[in-house]
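The whole structure should be built from the sequences, with the hints applied where relevant.
Sequential numbering of the sequence shown, starting at 445, is according to our numbering.
Hints are supplied without guarantee of correctness; some may be wrong.
Pairs of lysine-lysine, BS3-like flavour, derived with a Cα cap of 30 Å [what the hints assert, rightly or not]:
(1) K646 with K600
(2) K490 with K460
(3) K539 with K528
(4) K481 with K507
(5) K516 with K528
(6) K567 with K600
(7) K567 with K496
(8) K490 with K528
(9) K507 with K523
(10) K496 with K458
(11) K608 with K665
Hint data in this document are derived by calculation from the structure and do not stem from the laboratory.
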Amino acid sequence: MSSEILSVLEYMEKEKGIPRADMISTITNALKTAAQKGINSGQELKIDINPKNGQLHAWAVVKVVDSVSNPKTEVHVEKAQALKAGAVIGDLIEKEIDPSTLGRIAAQTARQAVMQRLRQFEKDRIYDDFKDQVGNIVTGTVRRRERNDLYVDLGKAEAIMPGKEQVPGEEYQPGERIRCLLVEIQSTPRGPEIILSRASPKFVRRLFELEVTEVADGTVKIEAFAREPGYRTKIAVTSSDPKVDPVGACVGARGARVKT
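Quick look at the structure:
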């Protein structure tokens, strides 16, 4: 089992970025819980995994007695003193046990716990990677359309653009690169769901902030904004610098910035 545990620890750490200590805690807790509910029922167990070689050690906490009635939870005082010098009747001591006695069910439970932890870690990582991008422009690749929803690959995660967040008349082809506004991240039983939009007024505002230097640095300010997605957009702009034409700055030479 040691080699299997070590392989799991190394894979999760190197390939998935899950700290070794995190996985050790997951495995030991799963083994302990399953064993105490299974063939080791009634025993208080302690389990340790060596982070360097994956070696597993297990101990049962037993009570020192002068007459043993339950070998799982009790140990005779003479044997106890061999395990721990000075042990007396009534003491609780740790008695090392063969890890194989934890049982097949405990091992299966540990494997399930590893997979569950991996799934949760990936969900948490998606949320952490994108939570600070809410309200920003992101670029992704169109993957597919399901009903009226569009699925976009953002690299580290797949996002969804609902029909109501799409611009009427725009057609999106699989493999096409598109820019969208990351509107929100919703929690679902399957994990975080990233919602995109190209219809939101904030999408165009953020595009202007990205494409128009004067807007980005605050020289030109967008005072008011109105948009009918797919039809027209109107913005009212002002300039804090008399030398800068706010409309010209936003439109660009021959409308280049508007087309962008």
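Hints, verified against the model:
Simply put, K646 and K600 have alpha-carbon atoms about 24 Å apart, close enough for the 30 Å limit, and the pair holds. Taking the CA atoms of K490 and K460, the gap is near 28 Å; set against the 30 Å cutoff, the hint holds. For the hint pairing K539 with K528, the CA-to-CA distance comes to about 9 Å; that is within 30 Å, so the pair holds. Our distance criterion of 30 Å between C-alpha atoms is met by K481 and K507, whose separation comes to about 20 Å.
Annotation: proposed proximity of K516 to K528 holds, straight-line Cα distance about 18 Å (limit 30 Å). With a CA separation close to 11 Å, the supplied pair K567 and K600 stays within the 30 Å bound. This hinted pair checks out: K567 and K496 have alpha carbons roughly 28 Å apart, not beyond 30 Å. A threshold of 30 Å between alpha carbons decides the hint, and for K490 with K528 the separation of about 16 Å falls inside it, so the pair holds.
For the proposed pair K507 and K523, the alpha carbon gap of about 11 Å is at most 30 Å, so the pair holds. For the given pair, K496 sits about 14 Å from K458 by alpha-carbon distance, which is consistent with the 30 Å threshold. For the proposed pair K608 and K665, the alpha carbon gap of about 28 Å is at most 30 Å, so the pair holds.
Comparing the model with each earlier hint shows no violations; every hint is respected.
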